[in-house]
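*Asks:* The chain contents come next:
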Amino acid sequence: MPKLPEALGTPQDVGAVAPDPSRIIPHYEAGQVGAAMQGFARDLGASANQVQDVQDRLSRAAAEQDFISKKLDIDQQFAGDTDYATAPQRYRQALLQTLNDTSQGILGPVQRADFQQQMSRFTEVGVDSILRQSVAKARDAGRANVTQAAGATVSDALRTPDEANLNPIFNALNDRIQASMEAGYLSPEEAVALRKSTAQSYVSQRGWRLADADPQQAVDTLRPSALGDDGQPSFAKVGDWRDLIDPGERTSILGRAQQNLEAEQRAADIEALRQQRQQQKAEADAGNAIASRYVDQLAVDPTSVDVGALARERFPDSQQDTRQALLGAAQTAIAQAGDKTAAGYGLGFWQAFNRVTAADGAPNKITDPAELLKLAGPEGGGALTMQGVHQLQRFLDANKTVEDRAQSAMEQNFLRQAHAAITGTEAPADPASEARFQNFLGAYFPALQDSLASGKSAMQLLSAASSDYLGKLIPAFAPPPTPRPDTAAAAATSDRRDKDIETPPDNRSFWERLGDRWGAAARSWNEDRQAQLQNVDPVLTRQLAPRLGSLGEDDAGVIIVPDSRGILDKTIRFDPTKHVILGNDIYERVPEAEESPRLSGARAFLGGLGPGPLAASTLAGGIEAAGAGARAAEVAGAEAQGTRAAEAASAGARVAETAGAAPTEIEVLSQRAQQIHNILDPIPRKLRTTAALSTDGPTIVGGGAVKDLESAQEAALQPGEISAKLPGARAEVTVLTEALKSGLRPRLLATTRDICPDCRRYIESLGGRLTSETTAIFPSPEK
Amino acid sequence: MAAQLDFDEPDLIARLARLPSKLRVVFAALCAERQLPNYIQFSKRSGWGNPNVLKDALESIWQDTQGQPLTKAELETILERCMASIPSDEQDTKKEPAYAQDAAASVAYAIGARLTDDPKEAAWAARRAFEAVDYFVMSQIDSTTIMGEHLRFALSQPIVQAELRRQQADLQDLQLASAEKSLWASVISKLRDRARRDAELFLNTAARQ
Numbered sequence: 001m002p003k004l005p006e007a008l009g010t011p012q013d014v015g016a017v018a019p020d021p022s023r024i025i026p027h028y029e030a031g032q033v034g035a036a037m038q039g040f041a042r043d044l045g046a047s048a049n050q051v052q053d054v055q056d057r058l059s060r061a062a063a064e065q066d067f068i069s070k071k072l073d074i075d076q077q078f079a080g081d082t083d084y085a086t087a088p089q090r091y092r093q094a095l096l097q098t099l100n101d102t103s104q105g106i107l108g109p110v111q112r113a114d115f116q117q118q119m120s121r122f123t124e125v126g127v128d129s130i131l132r133q134s135v136a137k138a139r140d141a142g143r144a145n146v147t148q149a150a151g152a153t154v155s156d157a158l159r160t161p162d163e164a165n166l167n168p169i170f171n172a173l174n175d176r177i178q179a180s181m182e183a184g185y186l187s188p189e190e191a192v193a194l195r196k197s198t199a200q201s202y203v204s205q206r207g208w209r210l211a212d213a214d215p216q217q218a219v220d221t222l223r224p225s226a227l228g229d230d231g232q233p234s235f236a237k238v239g240d241w242r243d244l245i246d247p248g249e250r251t252s253i254l255g256r257a258q259q260n261l262e263a264e265q266r267a268a269d270i271e272a273l274r275q276q277r278q279q280q281k282a283e284a285d286a287g288n289a290i291a292s293r294y295v296d297q298l299a300v301d302p303t304s305v306d307v308g309a310l311a312r313e314r315f316p317d318s319q320q321d322t323r324q325a326l327l328g329a330a331q332t333a334i335a336q337a338g339d340k341t342a343a344g345y346g347l348g349f350w351q352a353f354n355r356v357t358a359a360d361g362a363p364n365k366i367t368d369p370a371e372l373l374k375l376a377g378p379e380g381g382g383a384l385t386m387q388g389v390h391q392l393q394r395f396l397d398a399n400k401t402v403e404d405r406a407q408s409a410m411e412q413n414f415l416r417q418a419h420a421a422i423t424g425t426e427a428p429a430d431p432a433s434e435a436r437f438q439n440f441l442g443a444y445f446p447a448l449q450d451s452l453a454s455g456k457s458a459m460q461l462l463s464a465a466s467s468d469y470l471g472k473l474i475p476a477f478a479p480p481p482t483p484r485p486d487t488a489a490a491a492a493t494s495d496r497r498d499k500d501i502e503t504p505p506d507n508r509s510f511w512e513r514l515g516d517r518w519g520a521a522a523r524s525w526n527e528d529r530q531a532q533l534q535n536v537d538p539v540l541t542r543q544l545a546p547r548l549g550s551l552g553e554d555d556a557g558v559i560i561v562p563d564s565r566g567i568l569d570k571t572i573r574f575d576p577t578k579h580v581i582l583g584n585d586i587y588e589r590v591p592e593a594e595e596s597p598r599l600s601g602a603r604a605f606l607g608g609l610g611p612g613p614l615a616a617s618t619l620a621g622g623i624e625a626a627g628a629g630a631r632a633a634e635v636a637g638a639e640a641q642g643t644r645a646a647e648a649a650s651a652g653a654r655v656a657e658t659a660g661a662a663p664t665e666i667e668v669l670s671q672r673a674q675q676i677h678n679i680l681d682p683i684p685r686k687l688r689t690t691a692a693l694s695t696d697g698p699t700i701v702g703g704g705a706v707k708d709l710e711s712a713q714e715a716a717l718q719p720g721e722i723s724a725k726l727p728g729a730r731a732e733v734t735v736l737t738e739a740l741k742s743g744l745r746p747r748l749l750a751t752t753r754d755i756c757p758d759c760r761r762y763i764e765s766l767g768g769r770l771t772s773e774t775t776a777i778f779p780s781p782e783k
Numbered sequence: 001m002a003a004q005l006d007f008d009e010p011d012l013i014a015r016l017a018r019l020p021s022k023l024r025v026v027f028a029a030l031c032a033e034r035q036l037p038n039y040i041q042f043s044k045r046s047g048w049g050n051p052n053v054l055k056d057a058l059e060s061i062w063q064d065t066q067g068q069p070l071t072k073a074e075l076e077t078i079l080e081r082c083m084a085s086i087p088s089d090e091q092d093t094k095k096e097p098a099y100a101q102d103a104a105a106s107v108a109y110a111i112g113a114r115l116t117d118d119p120k121e122a123a124w125a126a127r128r129a130f131e132a133v134d135y136f137v138m139s140q141i142d143s144t145t146i147m148g149e150h151l152r153f154a155l156s157q158p159i160v161q162a163e164l165r166r167q168q169a170d171l172q173d174l175q176l177a178s179a180e181k182s183l184w185a186s187v188i189s190k191l192r193d194r195a196r197r198d199a200e201l202f203l204n205t206a207a208r209q
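Here the protein sequences come in this chain order: A and B.
Counting from 1, one number per residue, gives the positions in the first sequence under my numbering.
Counting from 1, one number per residue, gives the positions in the second sequence under my numbering.
Derived from the structure by calculation, the hints contain no laboratory data.
A portion of the hints provided could be inaccurate.
[Said to hold, decoys possible] DSS-like mimics (lysine-lysine), calculated; alpha carbons at most 27 Å apart, straight line: (1) A/K365 / A/K281; (2) A/K137 / A/K70; (3) B/K120 / B/K22; (4) B/K120 / A/K472; (5) A/K456 / A/K472; (6) A/K196 / B/K190; (7) B/K190 / B/K55; (8) B/K120 / B/K44; (9) B/K55 / A/K686; (10) A/K686 / B/K190; (11) A/K137 / A/K71; (12) B/K120 / B/K55; (13) A/K237 / A/K196; (14) B/K55 / A/K456; (15) B/K55 / B/K44.
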């Protein structure tokens, strides 16, 4: 139960009080306690006043909060106000209105007056702040405005063709700068700097524009007046815009103008040359078209040709040489018609074939059909018949498309093999051998023509893997078998005088016989190649290095077998860092014969040591290199960001590391293709293809189809690698065409993207076979 | 006579790394701007691709570097559209797309530079420009195989040296602007105009194909 405060006494002490509505405060005399009660009543009256006061204060607090909140809204509103001149005044009005509105909730006049007084001070502070901000913003806007005007002035000045306009243009800007300075937007220093930078910007742009638009005038206008003792140019004052250009920049502008002049000159030269060549080509084409018509006719039936009509043909002036050669050839052909000794393709056919198909730039290469006609005319001495000219003309015309070039290269390669098989050499041979070859051509060319006419492709006819292969004609024209050396020796040492001993039949296959004939040349060629890839001089190696033994192989790889000419007394394992292979001989690696000491055996391994017994996969020393190969493959895989070849390379690396064995040759080639591909930056790396083709010679690397290899990729090629170029062709076609053109036999192909169906067909037409989405092999003809 | 320049990618990356990110993007965009006409020419001749995609992308980059920043999502969308506009081995356009690929790749790298802050992206944009002129010279060499002397010859040609000098000039101007920390917008605008003028030389180059 509640109790009264003890200071008031007990209820009994208080006594009873009757209610009296007439009095507000009970009043009675009640002694000490009553006096105490009266004091309490007084206090209670004072509390009623205090309640009103508290209410006022609460209202004031609410008003303050309301005012501050609204002021923040107003501040935000004015932060983006760009009417800097009236903003402070409008801000003040807004605040005063808000102050008035919010003060209405305070009933007490004192509190209201106090609130208004206090908030007015707050308002003034805000107004001052807005005023300062407005001034600053107005200044910034003014500065930006005049700076922009400076840019427009430069632009206008550069546009005007009339020098007389320049002064008004710049004077207008100066006035504006002056006004901005007076308005306080710019300091005097800033005004000076702006005038100066505007002028400099103008003269600089004028100079650069002149260098680009009219380099010759730029050179004439801006050239130095003299060169100082130190070789530095000096520029005399001439009283115009040029004086304002910084001398260093003026020198740069001059340099650019000179560079542009050179570029223009070069472009003009190229254009003139292009037009000249176009004209020459048009005239040559016109002359050749006439000649070609007659050659076709002369090749079939010379007597049907009307020489008079030929003489009346209108050749372009520049093609009179062709006209004369054609007339001579026609007269010769007509005169020899019916002479069987002049049949065939001509005694000089093979020599002419080699000249027509020689490498670009070769000194005696034939590129002009008139040259062929001369060989068929009086001055050719019967080197060619018109049939010979007709056939060789096909090889001259084979540069029109990529497909033409590839097919022509195939046919050239085929004919060289055939010539070697029939005559024993790729060079012109003795008359009897050449006669056999002529007979072969007499069978081959018609067969080719008929087969092509029947719809067969050149690939089908010239690819050894095809059932239609025309190489099947060759054995019929091969030379008669010769005694084998052992038989010949036996015959030579025989007591019998009769040398007409019956020679045992040569039961070796055509390819075995061909292989023997080519063996010696190939071995010699291979030795040079081996030496190059091992970075040694083969002659010095043979002269200076101890010969260890002969090349051998066991299940684990390459070994050195002791022999009578070597210093080894037992078989040891081959180590590419210590030993050098030349042919079947193995030498110690000696510093005197090193051509590039920094290249290690491992690098030689990665560069690819070539075919057959030197295949990288079989090198015993390749165990160590396999580790390097695996690491390289991992790097390639990491960098290639998921291309198919990268996956293959990475898988190869994992297999190699797991098994502790060297990666196969095709894996090494894939890794190499990927390494060269990864030199590209990411976007072309994603969009292009790089292909590597190992051959019986160097490895050919090419890019496609968007671009051939880029310079950075070219620069990364190692000894033993060459690049191929065939704009617009796919990478696979590029490298294979280069191999065909160079007479190199393709062995393995690796690409960085999946091989497309077109390329697959091309590869298969060359006897190749896909071993994965990104690799192919080309089995050797012997197999 | 000025010393012969070479495209030194590591050095370029190191110098770009010292620039503020925004100016690196500008450098890449300048390289792209010079090549843009090559793409337009290719598209006109082959009927493949959409030059407006690349033009718009470059314009967006210029606005971004001059105070109207793009969001990451916007940049990614633009990049995606650019990547789809780059000709690759897959397109059978019959017209050699090499220069168009370089041009479009440079635009993509400029956006990449903005998205990743990686100086390598800007350097790759420059590499595409260099490779374009280098490839032009190499394609004039009448040989199916390329030797070291061909590479040196191509590098020495005025058209290649001119592009390398332009890249050096851009870099120097951007370094100066970076040091001054003022009026970037005006410098960027000036360099962009210069790149557009220089683009005419690139255009002529491609047109002579």
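*Asks:* All hints, please: hold or fail.
*Replies:* How the hints compare with the structure:
no.	hint	in the structure
1	A/K365 / A/K281	holds, 18 Å
2	A/K137 / A/K70	holds, 23 Å
3	B/K120 / B/K22	holds, 14 Å
4	B/K120 / A/K472	violated, 58 Å
5	A/K456 / A/K472	holds, 16 Å
6	A/K196 / B/K190	holds, 17 Å
7	B/K190 / B/K55	holds, 18 Å
8	B/K120 / B/K44	violated, 31 Å
9	B/K55 / A/K686	holds, 23 Å
10	A/K686 / B/K190	violated, 34 Å
11	A/K137 / A/K71	holds, 21 Å
12	B/K120 / B/K55	holds, 23 Å
13	A/K237 / A/K196	holds, 18 Å
14	B/K55 / A/K456	violated, 49 Å
15	B/K55 / B/K44	holds, 14 Å
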